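Count the sequence shown with this note's numbering and you get residues 39 to 123, in order.
Fair warning: there could be bad hints in the mix.
What the hints assert, rightly or not - Restricting the straight-line Cα-Cα distance to at most 25 Å, the calculated cross-link-like pairs of lysine to aspartate or glutamate (DMTMM-like) are:
no.	residue 1	residue 2
1	K77	D67
2	K98	E58
3	K75	E50
4	K98	D54
5	K75	E91
6	K98	D67
7	K77	E91
8	K77	D105
9	K61	D89
10	K75	D54
11	K94	E56
12	K61	E100
13	K75	D88
14	K98	D84
15	K94	D54
16	K94	E50
17	K94	D84
18	K77	E100
19	K61	D90
20	K94	D45
21	K77	D89
22	K75	E56
23	K77	E50
24	K61	E50
25	K61	D88
26	K98	D88
27	K75	D89
28	K94	D67
29	K77	D90
30	K98	E50
31	K75	E58
32	K94	D105
33	K77	D54
34	K75	E100
35	K77	D88
36	K77	E58
37	K98	E56
38	K61	D84
39	K94	E58
It should be emphasised that the hints constitute simulated quantities derived from the structure, not laboratory data.
Computed from a predicted model, the values in this text were never measured in an experiment.
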Amino acid sequence: MRNYIWDFQTVEALADLEIETYKRFPNLDVLASDFIKLKSLVGSTDVYHDDDEFQKSFTKYENLLNDTDSIYADLKTFRKVVVVA
Numbered sequence: 039m040r041n042y043i044w045d046f047q048t049v050e051a052l053a054d055l056e057i058e059t060y061k062r063f064p065n066l067d068v069l070a071s072d073f074i075k076l077k078s079l080v081g082s083t084d085v086y087h088d089d090d091e092f093q094k095s096f097t098k099y100e101n102l103l104n105d106t107d108s109i110y111a112d113l114k115t116f117r118k119v120v121v122v123a
């Protein structure tokens, strides 16, 4: 996205997405909402339709969001108590 000049609203949407993305434990609902907002602003532009690499980047990010198992590790809990005498 840094290869192009964007309006303020799009830059603000990108900033919101980046902030949530780089949090230690991002809220996936907020992350998805921020992504949808950014994609709706960018998706109708000529840049999005003309730049295949740009489009692929959005598709990759969307696929990562849809595969939430890859975002958080599966934490296992143990219910066994070890008795030490």
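_For a C-alpha distance cap of 25 Å, please report whether K94 and E50 respect it._
Cα-Cα ~22 Å, so holds.
*Is the Cα-Cα distance between K94 and E56 25 Å or less?*
holds (18 Å)
*Is the hinted pair K98 and D88 satisfied, with a Cα-Cα distance of at most 25 Å?*
holds (17 Å)
*Given the hint that K61 pairs with D84, test it: the Cα-Cα distance must not exceed 25 Å.*
violated (31 Å)
*Holds or violated: are the alpha carbons of K75 and D89 at most 25 Å from each other?*
Holds, because 19 Å separates the two Cα atoms, which is no more than 25 Å.
*Holds or violated: are the alpha carbons of K94 and D67 at most 25 Å from each other?*
Holds - the C-alpha atoms of D67 and K94 are around 22 Å apart, at most 25 Å.
*When you check the alpha-carbon spacing of K75 and E56, does it fall within 25 Å?*
holds (13 Å)
_25 Å limit on alpha-carbon distance, applied to hinted pair K98 and D67_ = holds (18 Å)
*Is K98 within 25 Å of D54, Cα to Cα?*
holds (19 Å)
*asked:* Checking one constraint from the list: CA of K98 to CA of E58, max 25 Å. Satisfied?
replied: Within the cut-off at roughly 17 Å; holds.
_Hinted pair, alpha-carbon criterion (25 Å max): K77, D88. Please report holds or violated._
holds (15 Å)
*Keeping to a limit of 25 Å between CA atoms, is the pair of K98 and E50 held or broken?*
Between K98 and E50 the Cα gap is close to 21 Å, so the pair holds against 25 Å.
Consistency note: the structure conflicts with the earlier hints numbered 9, 19, 25 and 38.
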